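S.K.: Below are the chains, spelled out letter by letter.
Protein chains: 2
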Amino acid sequence: MAKEKRVEQITDMEVDFAQWYTDICRKAELVEYASVKGFTILRPYGYAIWENMQRILDGEFKKTGHENVAMPVLIPEGLLKKEGELVNGFAPEVAWVTHGGSEELEERLAFRPTSETMFCDHWSRVLHSWRELPMLYNQWCSVIRWEKTTRPFLRSREFWWQEGHTIHETAEEAQAETEQQLNCYADFFEKVLAIPVVRGRKTDKEKFAGAEATYTVECLMKDHKALQGATSHYFGDKFSRAYDVTFTGRDNTLRYPFQTSWGSTTRMIGAVIMAHGDNNGLVLPPAVAPVQVIVLPVAQHKPGVLEAAGALRDRLLAAGLRVKVDDSDNSMGWKCAQYEMKGVPLRVEIGPRDIENGQCVLVRRNDGEKTAVALAELESAVAEQLRLVFDGMYAKAKKNLDEHIFAASSIEEAKALQEKNGGFIKTMWCGEEACELAMKEQAGMSSRCMPLEQEKLGEVCVCCGKPAKHMIYWGVAY
Amino acid sequence: MAKEKRVEQITDMEVDFAQWYTDICRKAELVEYASVKGFTILRPYGYAIWENMQRILDGEFKKTGHENVAMPVLIPEGLLKKEGELVNGFAPEVAWVTHGGSEELEERLAFRPTSETMFCDHWSRVLHSWRELPMLYNQWCSVIRWEKTTRPFLRSREFWWQEGHTIHETAEEAQAETEQQLNCYADFFEKVLAIPVVRGRKTDKEKFAGAEATYTVECLMKDHKALQGATSHYFGDKFSRAYDVTFTGRDNTLRYPFQTSWGSTTRMIGAVIMAHGDNNGLVLPPAVAPVQVIVLPVAQHKPGVLEAAGALRDRLLAAGLRVKVDDSDNSMGWKCAQYEMKGVPLRVEIGPRDIENGQCVLVRRNDGEKTAVALAELESAVAEQLRLVFDGMYAKAKKNLDEHIFAASSIEEAKALQEKNGGFIKTMWCGEEACELAMKEQAGMSSRCMPLEQEKLGEVCVCCGKPAKHMIYWGVAY
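One line per chain: the protein sequences are X and R, in this order. Quick note: the first sequence uses the working numbering, first residue 722, plus one each step. Quick note: the second sequence uses the working numbering, first residue 722, plus one each step.
Keep in mind the hints are simulated off the structure, nothing from the lab. As the structure is a prediction and not an experimental result, all values here were calculated from the model. Heads up, a few of these hints could be off.
It does not matter which identical chain is meant; a pair holds if it fits inside one copy or across any two.
Below, in silico cross-link-like pairs of lysine-lysine (DSS-like), each with a Cα-Cα straight-line distance of 30 Å or less [what the hints assert, rightly or not]: (1) K803 - K869; (2) K1187 - K1177; (3) K1045 - K1056; (4) K758 - K784; (5) K1190 - K1119; (6) K943 - K1136; (7) K912 - K783; (8) K1056 - K748; (9) K1190 - K1056.
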């Protein structure tokens, strides 16, 4: 029975949510700590989830005309510092290269914390005419931000992401791009990751360093804390002017293009864990699961069982699914626990009696529901069950979100609601940073976003009582 | 006629091969220099070639069970220095991070020049039993080597690559892996890039720092200089011992696994340029071309022409090809020159007369051959012409290789042959480094490899006259 021990128990999320999260990261073999402090290793299973996310997002970006490029990872200090707000935002977190081989560099080089500066520098040299606009670029890479405290996927000194950078002839086009990419992320969260989001705009205090406007998709985890899913920024022509990016306009005058950037990171894996996971481990949305269907032969020593399991696998592979058979000599109990831990969306069991009856049994990871299906209908039944897995996951996450948005009409009420229920607390707000700071100090919540779908909850700011300008969501965030 | 000027002439390769190469890199919009000395930017067209290379190679790696991971980009100096030979090989070229944010680090961190050390460090913590072997890992990333002189794709301080790292229970399995991956690269060069290669083993002088054996695929460029295409290394258990990577063997004793690594880089784009390009620009193998077919409407203002061109594009897209129509108002002459510069394998022309005759004209980039085909047979005709493009490119490159391998029986003869013809000069060799140095000093050639297919050209080393051990290829290399 020694093997039974290999799938160790993880901490219950109700007992210690943070420990439950870390347990899943380790036990599902997603990440491992590196010997460099604050850095993590994406192990094969974790990286395979990221590859699936990349493939789907990259396809969406390309459908709307974006092209991938690769910019240098090191940015000269002088170049980074040309735009004041950006450098003030990132300078405290930059890792600096000071030596190349045995020589000390004349100018320090920053490991990119983000690449607006490099894209602008490049555009300042290659852009000439309005005919070349828009330039719609993206890159997949890692960045470094020297964080003090780190957690797998959520906050790590190095993380993997994509950063889209575009320039446009007009402000309107750039604003439309910012919005399009925000919606692209929202769709990805809702239709691929099964995580409902709130689309909104960040306050000036919370926006990206140097941006004119930052838009965000905010989601809610199972512990009712908020998580910023992905962001899309509009820069106006601020960076163009700082980096002297110009083009000859239709009217033959020299003009500055309008710019956007937008990014999503391996933090999305953290969002999936905390939006869907349970006390048996990870629960993966089918579209990003490295293995979508695990086939487990029951009483596999009996004649015909392994062959039948192999035949199921081959049919499902032919149907375009990611499928594996586990015919190892581990016990059935161990196998079930193992693939639950790893969040495989659907388990297929087939044993001697099933074969006799011309059927197999499908078991959904998200709710444990079992369905016996005729072998003749395997492909359609599996497709249907995977749809139900997705639908069930989304419905549960949507319920969690919907049931955890509360309106408040004072800081005290906001605080009490947050302490009792967690979630998003919505209030009216005057637009002043002083009131944001008051909410932070008195209720421990940061502003999450001003939802694009505004509601009128009242006339005045709940913090200062002056006329309200926005309805805003507050929360305790990762 | 101003637009006619936009496709500028490039230097003829016969006049100045190096300038011709640089001209293509810039004019085909593959790369641009960055403002960081020695660093380059992969522009959309260059990066799209790299993406195609990645997709194909990654698919091959996965077919043989390899999994992708992501290791930290920074390596602590102490960890890097555990294996003496490796650090001696790379230390002079390492970029060092010394500061994180405002604090000076206690220990310097190296920007990875290669990641054997990180993989070993990880394995030392996660490997326990022979049951977990082999571990077949790969990662796609960039590395930095602080080179003095740089050239786009060929030698750059940062370059993009994949590095495979595997550990195995036995030496035989690791050796088989090294060989399998060498053959994987050779097949990729020959069957995808249309570049014939010589498979061989590097001498001890030229092998990878710390490797027990390095295998290489060597190819020949149009200027008859050699280029190392990709390499595959066998480490024995040297790194396992240095980094204390152990597992419990089948006999219940503690053992060291046997290790390999293998890599290929964006330098392959340089190989494609110099193996196939001509004085009109790039010539791309169909499998890695970002645009495989460009459809050019002739007299596009005439009724029905744009519609016909669009219909061709849609049919070819449906056939799974990467296709574009250029219906810009640039002249036909400019368009032809532009897509020749960019190396698009096949041009499809369709004008009013073609429509009348129910045909279109296919023009091959590699040899300019034109073929009129019936519209009804478009898909099969295009597939056939793309095959002929590949075959023609391969045949030409093979002829160049076959006609530039010369046998020599003395250093003087080797030198004279190299000076007259370039190419690979093959001789017998005793195996001593002193003779390699003599060849380098007296004939200006480095050893390229000891081909796996050995020939017996004589009994003695052409350098020292002692008994020969190997037949070896010499050349002037990129």
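S.K.: Go through the copies and call it for K803 and K869: within, between, both or neither, with a Cα cutoff of 30 Å.
M.R.: both (26 Å within a copy, 28 Å between copies)
S.K.: Using 30 Å as the alpha carbon limit, work out where K1045 and K1056 are close: within a copy, between copies, both or neither.
M.R.: within (12 Å within a copy, 49 Å between copies)
S.K.: Indicate which option fits the pair K1056, K748 if close means a Cα-Cα distance not exceeding 30 Å: within, between, both or neither.
M.R.: So K1056 and K748 pass the 30 Å test inside one copy only (14 Å; across, 57 Å).
S.K.: If the cut is 30 Å between Cα atoms, do K912 and K783 qualify within a copy, between copies, both or neither?
M.R.: both (18 Å within a copy, 28 Å between copies)
S.K.: Is it within, between, both or neither when you check K1190 against K1119 at 30 Å Cα-Cα?
M.R.: within (28 Å within a copy, 72 Å between copies)
S.K.: Cα distance capped at 30 Å. Does K1190 pair with K1056 within a copy, between copies, both, or neither?
M.R.: The answer is neither: 56 Å in one copy and 54 Å across copies each exceed 30 Å.
S.K.: Which holds for K1187 with K1177 at a C-alpha limit of 30 Å: within a copy, between copies, both or neither?
M.R.: Close inside one copy (15 Å), not across copies (94 Å); limit 30 Å.
S.K.: Tell me, please, which holds for K758 and K784 at an alpha-carbon limit of 30 Å: within, between, both or neither?
M.R.: neither (39 Å within a copy, 35 Å between copies)
S.K.: Since the copies are identical, ignore which copy is meant and state whether K943 and K1136 lie within 30 Å (CA to CA) inside a copy, between copies, both or neither.
M.R.: Answer is within: at 19 Å inside a copy they meet the 30 Å cutoff, but 73 Å across does not.
Checked against the numbered hints listed earlier, the structure breaks hints 4 and 9; every other hint is satisfied.
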